[in-house]
Amino acid sequence: MNGALYGLIARFEDPSQLVDAARELRAQHYTRFEGYTPYPVEELDHLVRGHNFLPAIVLAGGVLGAITAWSMETYIAIVDNPLNVGGRPLYSWPSFVVILFELTVLFASLSAFFGMLALAGFPRPHHPLFGVPGFSSVTRDGFFLCVEARDPVFHPEHTAALLRQFDPLEVREVEND
Amino acid sequence: MTAIEEKQRHTKRPPDPGRPADVITGGQTFGTVTDQIASTVLSRKTPNFWWLAFLTGMALVGCFLIAAWFLFYVGVGMFGIEIPNAWGFAITNFVWWIGIGHAGTLISAILLLLNQSWRNSINRFAEAMTIFAVACAGMFPILHLGRPWVFYWLIPYPNTMTIQPQFRSPLVWDIFAVSTYATVSIIFWYLGMIPDIATLRDQSKSRFAYAFYGVLALGWRGASRHWRFHETASLLLAGLATPLVLSVHTVVSFDFTISILPGWHSTIFPPYFVAGAIFSGFAMVLVLAIPLRAVYGLHNLITERHLNNCAKLMLGTGLVLAYTYAIEPFTAWYSGNPFEMFMIHNRATGPYAWSYWGVVAANVGVPQLLWFRRFRVNPKPLFAISIVILIGMWLERYMIIISSLHRDFLPSSWANFVATLTDNATLYGSIGVFMVLFLLFVRFLPMISMYEVRELLPFSRPDGGSVK
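Chains A and B are the protein sequences, given in the same order. Here the first sequence is numbered in the working numbering, starting from 15 and rising by one per residue. Here the second sequence is numbered in the working numbering, starting from 2 and rising by one per residue.
Residues from chain A shown here face chain B by an in silico Cβ test under 10 Å; the list is partial:
id: 1; residue: Asp-34
id: 2; residue: Arg-102
id: 3; residue: Ser-125
id: 4; residue: His-140
Covered stretches of chain A (in silico footprint by chain B; criterion: 3 or more residues with CB under 8 Å from a CB of chain B, positions within the stretch not fixed):
id: 5; stretch: 68-75
id: 6; stretch: 85-99
Bear in mind the hints are in silico, worked out from the structure with no lab data behind them. Only a predicted model underlies this, so the values are computations on that prediction, with no experimental measurement involved. Built from N, CA and C at the ideal position, the CB exists for glycine as well.
Using the sequences and the accompanying hints, generate a full structural model.
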């Protein structure tokens with residue numbers, strides 16, 4: 015893929031143009047496009063394709079944490095190291111609740127963090143967009159929209175013309191490197 | 002200034018009479034707020050104040066290390082703890098520090114869920130404060146152990162000793178609560194910082210800084226897909242951290258309430274401890290914010306509104322605390338238990354009466370000044386009030402621990418607690434540890450969340466408004 019086209023990137027002055035352009039791409043049945051912004055733009059999120067599995071991952075992590083804590087405490091208190099404290103029952107579950115809660119939160123939080131990294135594709139040391147001159151302003155005040163070449167509707171000239179309708183500061187070709 | 006910045010500067014907010022005062026003042030653009038915050042790390046000369054504070058902190062860290070060395074070499078006898086006063090400064094410091102951390106999580110998690118967007122410019126350093134306060138807190142139980150080198154016996158793991166932690170003990174709950182709290186706080190803090198670390202990567206001038214921040218930024222490109230997962234993860238973590246932060250000090254208070262000592266064995270302790278924790282935490286937020294804002298010129302980002310809101314929260318939690326102080330003598334009297342009644346009487350008139358009346362003056366008396374707006378928005382008096390509250394909250398924990406311990410059920414075992422040099426060196430030393438960690442954070446990481454501040458600017462939404 016060396017030297018092949020990765021896609022087209024347009025820089026916009028403000029988020030409203032970016033959202034308008036994304037809306038038009040969506041209307042023209044583009045699927046492989048992505049907005050790049052210095053802060054989350056909610057309207058854009060609705061226009062860009064993709065599911066969000068993170069809540070399900072976090073739920074699974076939390077349930078796993080609860081099961082881990084409960085089975086660990088029960089096993090240790092009844093089988094591994096039974097302690098008779100003044101004749102109190104070995105399975106004294108009310109006192110297990112605190113650790114059950116803590117491990118539920120711990121496992122769910124770790125799932126949220128690592129799930130987020132996995133879904134967003136991190137860590138990602140290099141990406142074709144890092145080679146685009148001026149792209150570094152995306153973390154300052156730059157609003158970008160990139161249409162990938164692998165989109166079935168993509169056409170180098172037509173797509174560029176479509177992006178130009180929304181008065182971008184510039185439209186560039188992005189090379190795979 | 003570029004044409005874009007010129008345009009942003011002149012963008013007028015749509016008139017909205019119901020809107021509160023600006024959180025961010027002074028005609029800023031995305032570029033200027035970014036540069037202002039990033040320059041502290043990347044280009045500005047380190048202020049002399051920073052060096053002065055850093056060297057002071059390092060001197061205190063030195064005291065701490067010497068004290069810890071003696072403590073490990075000689076044993077816990079270096080502390081002033083002697084039966085019946087088995088808990089002295091170490092546990093006081095532990096409870097104090099972990100309480101301070103609570104305001105950071107409250108700001109970052111609870112205020113996020115409540116859509117309080119004014120928090121956006123103070124949440125980052127408040128979270129850092131949480132982590133460093135928990136780090137300071139975490140050292141004390143280990144220093145306080147008789148055999149600190151086997152501290153890992155507190156954690157359940159398969160071993161050949163045929164013993165395991167006792168899950169009915171609040172001390173074991175504490176290990177899980179504090180370590181979970183530390184882990185979740187670090188995750189939440191780092192996750193929130195990734196977009197801002199990417200900004201530092203993109204703004205960095207040197208190759209070393211580019212590589213350092215580049216690795217930490219994990220390849221962040223600000224894609225809408227990144228933001229989607231980032232926002233979801235932040236919200237879910239906030240939802241998890243909210244009950245967690247309330248549980249941590251609750252569990253710490255269980256260390257006291259599950260015992261049968263008069264003055265500790267009380268059902269009011271969990272809310273009492275949580276309110277006190279948030280109270281002292283906001284005092285620490287202000288103690289950090291007021292100098293930071295003066296030294297780094299952040300008056301446009303940390304505005305009067307932030308000081309005012311923090312002071313109001315401090316007043317509110319202070320009143321909850323005042324209620325618990327009032328209800329304690331009542332429950333002692335209503336219980337009819339002679340030991341409880343003696344404890345309350347001895348607390349107010351006995352050898353540690355100074356600590357009790359100090360607590361009442363610092364935590365109930367002084368915060369009443371915050372009813373007046375002039376004390377809430379004026380940095381100097383607010384800073385002084387916050388320091389008084391921090392001292393008051395330390396004294397409160399000292400009072401709770403010592404006033405219940407030094408008069409045992411049997412008068413033959415009564416003894417007073419006298420703090421040693423090691424006690425004092427570890428307390429002041431831990432303040433140094435906190436200062437050094439916090440100053441390093443201010444120097445090398447973005448102390449204000451840049452992307453969340455951009456969201457507050459008046460033209461950040463496609464329709465020309467800003468969030469909330």
